[in-house]
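Visitor: Build out the structure end to end from the sequences listed, making use of the hints.
In case you want the letters, here they are:
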Amino acid sequence: MKWEELKPLERELSETILEVCRFEEFDRDSVDTQAPLVGPDSCFGLDSLDMVEIVVAIQSRYGVHIGGQEEARSIFTSLSTLTQFIGENRTT
Amino acid sequence: MKVQKQLYRRLGGWHLYTLQNTMGFHFFTFSFESSGFYWAMRILLINPPDCGRSIPEERYGIDSIKRIFRGEPLALESLAGNLAGHDLQILDLKSEPQGLEACVEAFSPELVGITAMTCEANTALAIASQVKSLCAAKVVVGGVHASGDPSFFNVPQVDYIVVGLGRASFKELADGLAAGGAPAVTGVAKTSSVALKFTPRKFTTADLADEMPPRYDLVEKYRAGYAIPALGVTMGFVATAAGCTHRCDFCCIGSLTNSKYLLHSTGSVLRDIATLADSVQLIRLVDANSFGDTLAAESLCEKIASAAHPVQYVADARADTVVRDPELFARWKKAGLRAVVVGFEEISDTRLKAMNKGSRTRINTEAIKILHDIGISVIGDFIVDPDYTPEEFDILEDYIMKNNVDLPMTSILTPLPGTALYERMRDRITIEDLDYYTLTNAVVPTRMESESFYNRFAQLLANCHRDARI
Ligand code: B12
Ligand code: SF4
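As you go down the protein sequences, you meet chains A and B in turn. Counting along the first sequence from 1, when you hit position 41 you're at 40 in numbering that gives the first Met the number 0, and nothing is skipped either side. Counting along the second sequence from 1, when you hit position 200 you're at 199 in numbering that gives the first Met the number 0, and nothing is skipped either side.
Treat the hints as calculated values from the structure; they're not laboratory data. All figures in this text were calculated on a predicted structure; none of them were measured in a lab. For each residue, glycine too, the CB sits at the ideal point set by N, CA and C. Watch out, some of these pointers could steer you wrong.
Far from chain B, some chain A residues (derived; all Cβ distances over 12 Å) [stated by the list, open to error]:
#, residue
1, 17
2, 31
3, 44
The following label-pair restraints were derived from C-beta to C-beta distances [to be verified]:
#, chain 1, residue 1, chain 2, residue 2, range
4, B, 309, A, 7, 48 to 58 Å
5, B, 96, A, 22, 54 to 64 Å
6, A, 80, B, 293, 16 to 26 Å
7, B, 95, A, 73, 51 to 61 Å
8, A, 66, B, 205, 28 to 38 Å
9, A, 22, B, 393, 29 to 39 Å
10, B, 394, A, 89, 30 to 40 Å
11, A, 29, B, 273, 54 to 64 Å
12, B, 390, A, 46, 23 to 33 Å
13, B, 462, A, 7, 42 to 52 Å
14, A, 26, B, 393, 57 to 67 Å
Guide: Okay, here's the thing in structure tokens:
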């Protein structure tokens, strides 16, 4: 999907992911909002440790609370599920 | 002479008759088992004294780098627990440094087991020689150094080397020897004048032998000394797991289980806690990683909470586990978890990656925050690389102070034989004498001038320990 076609929050979250994981040379047009966010098919190439770092960053940036591993896994299914969760729960 | 009959309940059930003379000395013992008949043996299990040498002290008179507190030799209690039918004693030379000769003479063991960490390996050999000079016992060495580098113990004063978890393999060996054989047991190497050969053991939960409790009673006379004097608390040890889920390159834990992570049954953990709960204030879960299976840790927590013993707990957890599952630790806090030991190791992501630590600085920092928010003290392990520059020491100290690590434990990166790090650094090792492998000496050259390195290391410890608490 073209970078410009992403929703603003999807773009913002993608930037956060890239910043946290220090992916400097990432082709932003390759973001797939429905693809798994973590694992071998992740369009960002995230592993489970990246996910832990992103959870930490997102909790403090958006004032949300992600309780445990199960909850994190379902929120991090795809960029689309993450965007929905942040959209509905952000406090900042 | 009186004949005592003790009935042990075990699968199949069997009887042990202990014959004692009027002085109360054990004369001889024998056992009938459903599977056969063997002479029971007098087995002495020895914990080496506090040992290890210090470069900063010997070369520069820096004697402030000391970190010894006493704890029970759980490995030996645990081995003894699975040796029912034999006549057993534990000699803790950390509590009774001069006790070897008198003990061997009075007990006259037929089999002696010695445990040893790497810095105790030379001392273990010296103990083995002394035992051989005092009696005809067969000598077996086991523990973390024997598991990482078994060939070190392939010497005449040692008869067998137990590699990895020893409860089941040592029992097989002892029973076999008692029956008069020279048994071939997987995970046990018979020493020889040529290269050591043995079949590695495929460890499973059967090697934990959970149905047989550790013999905590065998160290009763030492128990008052198993304490943390600075906190004024008595402390007991319980194991909930063996091995680890990870493979950090400096760590020797993997060699104990052939890199498996094995959980003790919840029932056995609760039983051991209940045994100690009346006599100690603090229970240290001595596992390398007590939260490697979060579902099991959750269920154990619930049961510990319902048992409501008046004790507190200290356990090891990985930083990423804390961050992944903060609520698990909140529940453990309610169950009595007072402090968590976290191996942060480094404050540079590059170095964490090179160690294969599977964590990152940001995650480490978040773990400290989460544990503090919950009200759990953080005992943080940090490793100083001999390559450290003065600036890196400053950054580490700054990190520890800023993040209020309650009790920082700093060690010096040491290539322990048997680890991946050893292979990576072996060409640089200049100090081979294992007495120095206490993790408070640099066994490869330091980048900083040596005296400045140790002065800065000592200063780091002093500064960080000024307000230490748990
Ligand atoms: C408790 C503990 C201590 C206690 C020791 C209590 C005692 N024995 O007196 C205290 C606090 C005193 C201590 C001190 C030190 N410790 Co310590 N300690 C531990 C800890 C946390 C648990 C050990 C334990 O009880 N495990 C439970 C038992 C059941 O398991 P086990 O010991 O592995 O035993 C099994 C097998 O190994 C085998 N086995 C063991 N011994 C024997 C003997 C025989 C005959 C047989 C057949 C089998 C066998 O069978 C057992 C049952 O399956 C380990 C880390 C860990 N999680 O393992 C570090 C650890 C062993 N310690 C370590 C270190 C470095 C030290 C110190 C040097 C620290 C320091 N810088 O001061 C000092 C050394 C003290 C000295 N000699 O001067 C390192 C050792 C690394 C190495 N290769 O040497 C470890 C692995 C921690 C780490 N990850 O780095 N320690
Ligand atoms: S997490 Fe801890 S116990 Fe596990 S391998 Fe790494 S250092 Fe060793």
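Visitor: The structure should be examined with respect to each hint, and the outcome stated for every one.
Guide: Quick rundown of the hints versus the structure:
no.: 1; hint: 17; result: holds (15 Å)
no.: 2; hint: 31; result: holds (25 Å)
no.: 3; hint: 44; result: holds (15 Å)
no.: 4; hint: B:309 x A:7: 48 to 58 Å; result: holds (55 Å)
no.: 5; hint: B:96 x A:22: 54 to 64 Å; result: holds (57 Å)
no.: 6; hint: A:80 x B:293: 16 to 26 Å; result: holds (22 Å)
no.: 7; hint: B:95 x A:73: 51 to 61 Å; result: holds (57 Å)
no.: 8; hint: A:66 x B:205: 28 to 38 Å; result: holds (36 Å)
no.: 9; hint: A:22 x B:393: 29 to 39 Å; result: holds (30 Å)
no.: 10; hint: B:394 x A:89: 30 to 40 Å; result: holds (34 Å)
no.: 11; hint: A:29 x B:273: 54 to 64 Å; result: holds (57 Å)
no.: 12; hint: B:390 x A:46: 23 to 33 Å; result: holds (31 Å)
no.: 13; hint: B:462 x A:7: 42 to 52 Å; result: holds (47 Å)
no.: 14; hint: A:26 x B:393: 57 to 67 Å; result: violated (39 Å)
Of the numbered hints stated above, the single one contradicted by the structure is hint 14.
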